[in-house]
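Since the structure of chain A is already known, use the hints to place chain B on it.
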Amino acid sequence: MSDFDWLFFLEVSLAGLGSGALLALTGLAFVLIYKATRVVNLAIGEMLMIGAYAFFSFTAGLGLPWWAAIPAALACGGLLGAVVERAVIRPMLGENAISVFMVTIGLGSVLVGAVELLWGAAPTQLPDFMGNAPVFLGPAYVSRKIVIGFAVAATVIALFLLAFRVSRGGVALRATATDQGAAYSCGIDVPRVFSLAWVLAGIAAAGAGVLVGAIGGISPAMGVFGLSALVVVIVGGLDSIAGALLGGILVGLIEAWAGTYLGGEYKMLTTFGLLIAVLMVRPYGLFGTVEIERL
Amino acid sequence: MRIATAKESYAADEALFDTSTQRLWLALFVVACAVFPFVAGEYWLYMACLVAIHVISVTGLNIVTGFTGLVSLGQAAFMGIGAYTVAYAETRWGTPVFLNLVLAGFLTAAVGAFVGIPSLRVKGLYLAIATIAASFILHFVFANWDSVTSGVKGISVPPANILGVELGRPFSLYFLIVPIAFLAVFAAANLFRTRIGRAFIAIRDRDISAEVLGIPLLRFKLTSFALSSFYAGVAGGLWAYFFRVVTPESFPFVYSIFFLAAVIVGGMGSILGSILGAVFMTMVPEVLKIGVGVMSPFLTDAVALLSPVRTIVFGGLIIGFLIFEPHGLAEVWRRIRRFFHLWPFKT
Numbered sequence: 000m001s002d003f004d005w006l007f008f009l010e011v012s013l014a015g016l017g018s019g020a021l022l023a024l025t026g027l028a029f030v031l032i033y034k035a036t037r038v039v040n041l042a043i044g045e046m047l048m049i050g051a052y053a054f055f056s057f058t059a060g061l062g063l064p065w066w067a068a069i070p071a072a073l074a075c076g077g078l079l080g081a082v083v084e085r086a087v088i089r090p091m092l093g094e095n096a097i098s099v100f101m102v103t104i105g106l107g108s109v110l111v112g113a114v115e116l117l118w119g120a121a122p123t124q125l126p127d128f129m130g131n132a133p134v135f136l137g138p139a140y141v142s143r144k145i146v147i148g149f150a151v152a153a154t155v156i157a158l159f160l161l162a163f164r165v166s167r168g169g170v171a172l173r174a175t176a177t178d179q180g181a182a183y184s185c186g187i188d189v190p191r192v193f194s195l196a197w198v199l200a201g202i203a204a205a206g207a208g209v210l211v212g213a214i215g216g217i218s219p220a221m222g223v224f225g226l227s228a229l230v231v232v233i234v235g236g237l238d239s240i241a242g243a244l245l246g247g248i249l250v251g252l253i254e255a256w257a258g259t260y261l262g263g264e265y266k267m268l269t270t271f272g273l274l275i276a277v278l279m280v281r282p283y284g285l286f287g288t289v290e291i292e293r294l
Numbered sequence: 000m001r002i003a004t005a006k007e008s009y010a011a012d013e014a015l016f017d018t019s020t021q022r023l024w025l026a027l028f029v030v031a032c033a034v035f036p037f038v039a040g041e042y043w044l045y046m047a048c049l050v051a052i053h054v055i056s057v058t059g060l061n062i063v064t065g066f067t068g069l070v071s072l073g074q075a076a077f078m079g080i081g082a083y084t085v086a087y088a089e090t091r092w093g094t095p096v097f098l099n100l101v102l103a104g105f106l107t108a109a110v111g112a113f114v115g116i117p118s119l120r121v122k123g124l125y126l127a128i129a130t131i132a133a134s135f136i137l138h139f140v141f142a143n144w145d146s147v148t149s150g151v152k153g154i155s156v157p158p159a160n161i162l163g164v165e166l167g168r169p170f171s172l173y174f175l176i177v178p179i180a181f182l183a184v185f186a187a188a189n190l191f192r193t194r195i196g197r198a199f200i201a202i203r204d205r206d207i208s209a210e211v212l213g214i215p216l217l218r219f220k221l222t223s224f225a226l227s228s229f230y231a232g233v234a235g236g237l238w239a240y241f242f243r244v245v246t247p248e249s250f251p252f253v254y255s256i257f258f259l260a261a262v263i264v265g266g267m268g269s270i271l272g273s274i275l276g277a278v279f280m281t282m283v284p285e286v287l288k289i290g291v292g293v294m295s296p297f298l299t300d301a302v303a304l305l306s307p308v309r310t311i312v313f314g315g316l317i318i319g320f321l322i323f324e325p326h327g328l329a330e331v332w333r334r335i336r337r338f339f340h341l342w343p344f345k346t
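If you're matching them up, the sequences are chains A and B in order. Going by numbering that gives the first Met the number 0, the first residue of the first sequence is number 0, and it counts up by one from there. Going by numbering that gives the first Met the number 0, the first residue of the second sequence is number 0, and it counts up by one from there.
If you're looking for bench data, these hints aren't it; they were derived computationally from the structure. Treat the hints loosely; a few may be bogus.
[Said to hold, decoys possible] Result set (DSSO-like, lysine-lysine): computed pairs, CA atoms no more than 30 Å apart in a straight line:
(1) B:K152 x A:K266
(2) A:K266 x A:K144
(3) B:K6 x A:K266
Next comes chain A alone, as it looks inside the complex:
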């Protein structure tokens, strides 16, 4: 393979890293919820979509500038997370995991229907707020949107990681994830931690939604992105933030390579092939906690 185009390969890989960062951000939202509440949230893609559509309404509908619309969209995402936790997840506490999982599937369906009802089923573009001038990293061309997406996602993830280490809420969240009973007896308000986790996840998802929408446009079907995020967290381990980051990059790269060298229709195939391979070899992901069951 002497005529292998390394420059092109590099460009594809950079694009893959960009979408990988977005996947990692979505995966982070997913892991947040799972760590705190043990809910596998299949509606994460739809929460992301709501964030993107909220941004669309604020910019195209209300004419807000992008720097005002983004916080507003994030607030909408957080509010959605809070409402969902309060109305749907709280009553299901203590039910078996599969029922809760199914509830989130129902939730996803409701959100898709709501978006179609409010904004129509046709795909649209988000107003451009990033500019189009190409960026060159050395000799390699990268789309400006992907660079910005990567930078923002990386920053946000770093902020989240920092918050987990130092902030009070972050520590409470980690404590709850480790041992609910012990967290309770230390005076941590566990139900509030649950709400906090959902709000933060909603915000992260909305942020990812704005970025994904800016790159690929928005449509009621963009929740499919959540399925890739699901693969990310399974590969990384459901309760591991580091796993979500690494898994995001891995899946982003693999999707980019498969999409370019094999053809677009192979993207899903390789992603899910990877998922099955990981489930067979390391069921709890790269960094996930192995659940030990005793009678």
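Here is chain B on its own, set in the frame of chain A:
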């Protein structure tokens, strides 16, 4: 108040239908089903056939999800295998209808057992996610294995032909589909009176305990997947004869969620629940359609609202049933029955 139903033998206790009232109602139901096509219009026959196909598929999914406790989100893709098998056999070989259906069942069962292999390592949610992956991979195969599935164009299926009688209209197909649905439901109901069915239930309740009791987990889990997929394959085969064109888009992922929703709404681990769930979930969109028809003089774009409202109602039903009625319609049915049993004494 029902009295004098004391059971005097084990056979009576184990009987599928243990009271004469039940047998009477069942007989009435069978007669009603037999008379139905001669009195109902084309539309209702169409709906009846569709409901019967869904009943078969939902019953199959209930075997694996409701009775064995393995969540599968691949039922629609399995139906797709059945449909493609029938379409292929019918167009290339022209083999008889029943042979095609049985072939569809067995082929799908084989694929289902293969998809169930991850249950060797993972269970619960991880397994559900593995079946999601399997369903997307199958969808890819449908769309890209051109020599067999004709790619995205799909396959047109000629009408079913039994002993020279062409079953083209819902009226004639009714006599093919509904008896098979009856057979499938009775087989499933009987399954849970056998060792295999009991083993499934033991696995659902606590798989480790079941293994300690001497139930080989992997073998029974795969059997459960295979049985459930057999049902899906037959349902898919009937689907192919019913709609007469099979494309990759006929069996989207949402369709799998539809079946799981039907199992939940009907009642997990209940044969009656499978029937009620399938009927209910198939009829809800139709009721919404009628509602839109009523609203259309008042609302300008009522028809455009139909699809989003259907999606919302669909999700709302899943959430509502899981929160407020986790045992599904079967439990509602039981409550109503109990009310009549105990009527003058406890209301």
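A quick look at each hint next to the structure:
1. B:K152 x A:K266: Within the cut-off at roughly 21 Å; holds.
2. A:K266 x A:K144: OK: K266 (chain A) and K144 (chain A) at ~21 Å, within 30 Å.
3. B:K6 x A:K266: violated, 61 Å
Checked against the numbered hints given earlier, this structure breaks only hint 3.
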